[in-house]
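Residues -37 to -1, 1 to 707 (mature numbering (1 follows the signal peptide of the UniProt record, and there is no 0)) are what the sequence shown spells out, left to right.
Keep in mind that the hints were calculated from the coordinates and are not lab data. Just so it is clear, the structure is predicted and the values come from calculations on it, not from any experiment. Heads up, some of the hints might be wrong.
Said to hold, decoys possible - Calculated pairs, DSSO-like style, for lysine-lysine (alpha carbon to alpha carbon, straight line, at most 27 Å):
hint, residue 1, residue 2
1, Lys636, Lys592
2, Lys636, Lys396
3, Lys680, Lys636
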Amino acid sequence: MQLLNPRRQIRVLPLSRLRLGGVSLLAISALVAAAHAEDVAIPDIVVNADDVRAPQGSAAQAAPAENAQGANAGSSENGYRPATVNVGPLGKLPIKDTPLSINAVSSELIENIGASSTSEAMKYNPTVRPQLGSNLSANYFMIRGFSYSSNGAAAVDGMRASVGLEPIEDKERVEILNGASGFLYGFTGPGGMVNYVLKRPTETTINKIRVGNYGGQQGYVQGDFGGPLTIGDGQFGYRFNFVKVGDGNVGVDRETHPRQLYSGAFDWHVAPSATLSLEASHFDRDINNQQAYFLVGKATVIPAAPDLRRNYGAPYNFTHDEYNRVGASLNWRVNDVFTLRSAFRYTAAENRSLNMRDSFINNAGDYNYYMQIKSTNQALTTQGYTFVDAAFSTDFVHHDVTFGYAQTHVDSRNAYPNSDTNKWGFPTSIIGKILNPTYPADPNYPLNTGHKMRATETTELISALVADRVTFNDQWSVFLGANAPRVEDTTWAANTGAQTAQYAATKVTPSGAIMFKPIAAVTTYVAYTQSLQQGPTAPSTSINYGQALPPYLATQWETGVKATVGRMDLNLALFDIEKANAFTDPVTTLYTLDGRERHKGAEFTFTGKATEQLTLGGGFTALDAEITKSSTASLVGKTPLGVPNRIANVFGEYALDSLPGLSLLGGATYTSKEWVNNANTISIPQVFLLDAGARYEMKVGGKPTTFRVNVANLLDKRYWTNKGDDMLYTGVPRTLSFSMTVSF
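Given only the sequences and the hints, what does the whole structure look like? Please build it.
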């Protein structure tokens, strides 16, 4: 049985292996039957997956629930200010009533700035920093000084993401939860979490077609369709999105990124208070003539960044990604007290690549060529959860209790014999030069494409959670919770099948917060969180590449203020995070956990309408990150690799009164210098980038039509980026993107 195109040879586990979803599937089946049964008394209220739970008596509870597709949900009209976010197992909550630092990027803002990836979508958020520059092999980002990929610290509708590159065209918004979120998601990085919210069926009909160019010669067409079905008196709803991007040049010489996405969602309102949701999607992407990345190597000073349009890879370099995803969820308001939420998802993902690494041999920019060969590798992920919410009052306090269970099972497999554990040197003495890039002849290294697959890792992530939000009055509330996560991980050698590592760990991790609202428009909070972290995986530059290190405990203190001034949302958070330190020994290249790492800092963000015409967003992060304990004395006091101590971003949009429908856009991003070696003697310089754009809304043939144009890196600044190791990536060159959207 095959889930994907036979040419890509991804195989699906037999249904007998999908044991993870048993709890969720049984819960969904039982709840559907119960909600649909005639002898079940259901209150005459309408509750669906978008319902917002708020403290008793709060303004948020009295207000109608925000519709994720409504005009006020992150629209330009409202200053791109989403009022609610998905807080993992706690469900959808008002941002102001959460003792967490959370930001969101709406789909409308994503379209208006011409973003084609998560990195571009989040670039004006000062609390998260994209890291791969022009190398878009995966989504890598940094939150509070900790680096992650999409399959390491990301979720889709609250369930852990299982792919390295998550498309954004079928997402309603991208939410950024800053800080240790292991209490909510079980196993995440200590810096934070990115949650992708899928587009869901709408109450009113949506028909939109968008055509344009993402930059270079990346022509594309996108469709977004949704609404109630004409059958069933509004009982059924649908949403369908697709995007097709051509194989034109991306702006880097010879490089192309053809991709396509098909994503569908279906809602069945089983009863007035119960909604069954189904989802399915297919995504595939190829990078051809892929840009190389650089290694610090023997350089003691990093050469100035070159022309960003130059390609330092070769025509035979590529990356292929593909996944299929199916899922189901049910939200049932049983009565005035209890709500049950259950979900199940299965994802089959495949990747293979052949990438160039250029390792500097001196300070002049000369380099040796290396190749990383990754034969077909697959991740088959089965996930499920069931949670119960209970809202009730006792004496003079109100409780919002959540308890439940979540589980994720991942089977990783590789084609064999497999060479991705090695860094292959070219059989040539050619020396590359950064000012005049060339490439050696194709060495024709073997690349297995999946005819034989062997298990390389099995991971089981289990999480049991209980939480209570206690509201005393309009001013005071307390959040208390505990999570009991368990991780089980086993790895095997790709070539021999021999077991290389195995571990299991369980720990109850508490969390707590106190919230005080001096006035209705201001919320202050103090929070403490513990989280069990899944051990990091050794990077490809280490001798033990692919080895999963043991789990460790991270802790965080945070205090913050959230305020609304006029139509502007202002947020300030101070944080202090401690975790285990992981590093690659420069002599042995062995990647290990060694000592402790501490990140202290402050974040400030602002979003909203400064005036009726002017929308502003942005802020800054000030960070003091250091290694506080290590068996290598010279590392103590040093800044971890790739961590800037200052990030500042701003975005502005101005609607011209003199020409209704026309809006001018502009943005600026700043990142301070970053160390790229453990001794903190080699760095890449600070970078300041400017963007500009415009949007014009009008009617063509009676149909609402929007024209957009954006220029990223307006001054064509040359710069390096880094993802928290000794790898360097060239930045994104000046890029012109444009589109036309027609609604009908």
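Decide if the proposed pair is consistent with the structure: lysine 680 and lysine 636, CA atoms, cutoff 27 Å inclusive.
15 Å, holds
Between lysine 636 and lysine 396, does the CA-CA distance stay at or below 27 Å?
Within the cut-off at roughly 24 Å; holds.
Sort out whether lysine 592 lies within 27 Å of lysine 636, counting only the CA atoms.
With a Cα-Cα distance of about 23 Å, the restraint between lysine 636 and lysine 592 holds, given a limit of 27 Å.
In the structure shown, no violation is registered for any of the earlier numbered hints.
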